[in-house]
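As they're listed, the protein sequences go chains U and L. Each position in the first sequence, counted from 1, maps to that position plus 8 in this note's numbering. Each position in the second sequence, counted from 1, maps to that position plus 29 in this note's numbering.
Think of the hints as simulated: they come from the structure by calculation, not from any bench. There could be a bad hint or two in this list.
Claimed, not checked - If the Cβ cut is set under 10 Å, some of the chain U residues that face chain L in the computed set are:
| id | residue |
| --- | --- |
| 1 | Q14 |
| 2 | Q45 |
| 3 | Q56 |
| 4 | S94 |
| 5 | A95 |
| 6 | L98 |
| 7 | F113 |
As the list claims (entries may be wrong) - According to the in silico footprint, chain L covers these stretches of chain U (three or more CB under 8 Å from chain L):
| id | region |
| --- | --- |
| 8 | 49–55 |
| 9 | 114–120 |
All C-beta atoms, glycine included, are put in the ideal place defined by N, C-alpha and C.
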Amino acid sequence: ETGVTQSPTHLIKTRGQQVTLRCSSQSGHNTVSWYQQALGQGPQFIFQYYREEENGRGNFPPRFSGLQFPNYSSELNVNALELDDSALYLCASSPLPAQNQPQHFGDGTRLSIL
Amino acid sequence: QQPVQSPQAVILREGEDAVINCSSSKALYSVHWYRQKHGEAPVFLMILLKGGEQKGHDKISASFNEKKQQSSLYLTASQLSYSGTYFCGTWVYGKLTFGQGTILTVHP
Numbered sequence: 009e010t011g012v013t014q015s016p017t018h019l020i021k022t023r024g025q026q027v028t029l030r031c032s033s034q035s036g037h038n039t040v041s042w043y044q045q046a047l048g049q050g051p052q053f054i055f056q057y058y059r060e061e062e063n064g065r066g067n068f069p070p071r072f073s074g075l076q077f078p079n080y081s082s083e084l085n086v087n088a089l090e091l092d093d094s095a096l097y098l099c100a101s102s103p104l105p106a107q108n109q110p111q112h113f114g115d116g117t118r119l120s121i122l
Numbered sequence: 030q031q032p033v034q035s036p037q038a039v040i041l042r043e044g045e046d047a048v049i050n051c052s053s054s055k056a057l058y059s060v061h062w063y064r065q066k067h068g069e070a071p072v073f074l075m076i077l078l079k080g081g082e083q084k085g086h087d088k089i090s091a092s093f094n095e096k097k098q099q100s101s102l103y104l105t106a107s108q109l110s111y112s113g114t115y116f117c118g119t120w121v122y123g124k125l126t127f128g129q130g131t132i133l134t135v136h137p
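Generate the whole structure from the sequences, applying the supplied hints.
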């Protein structure tokens, strides 16, 4: 069983640029959630995708957008990068978008904004 | 609003016990617990659903009191491998909201 994989592992961008992060969900999982984790903080929910549709969104501006593909892999796009966007971005998959489903996390993408 | 965890940090010697608490100002439907080691992804420990149930996994167990909107994680006879940051996550309005974390350090 292949776990959740994310790419790239590290990324350095400058303010104003755009970035795309990628996530492959665990086999059999059709739900993908994205989280932003600042240093020393808990993961913050960005949004969730279920069967290629956005299924919930946290308190993040519209320049954070996403996609889910038919194979349930997902992308997180961030436009007009700001210094505060520097963080670890975690992707998690689950079999269903329900409260009794454990989140299986990938190792994350460390994004640094200069 | 994120749940509040206490304490913020715990230092133990191998074999000692610890309790980590998680409380919310909103009604809870479920509570998730995860452990994250430095530089690694959070790892799922357990989920508790409404009903005041207690679950256990090896020497780690948890309780959930939805009336008090609280959950507690119990680590007994701690091992070096228990070191890490523990997060509770509460499921409210269709999204999982994590607490700020509790740093647990176990020394030999």
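Here's how the hints hold up against the structure:
no.: 1; hint: Q14; verdict: holds (9 Å)
no.: 2; hint: Q45; verdict: holds (9 Å)
no.: 3; hint: Q56; verdict: holds (7 Å)
no.: 4; hint: S94; verdict: violated (16 Å)
no.: 5; hint: A95; verdict: violated (14 Å)
no.: 6; hint: L98; verdict: holds (7 Å)
no.: 7; hint: F113; verdict: holds (4 Å)
no.: 8; hint: 49–55; verdict: holds (count 5)
no.: 9; hint: 114–120; verdict: holds (count 3)
Checked against the numbered hints given earlier, the structure breaks hints 4 and 5 and satisfies all the rest.
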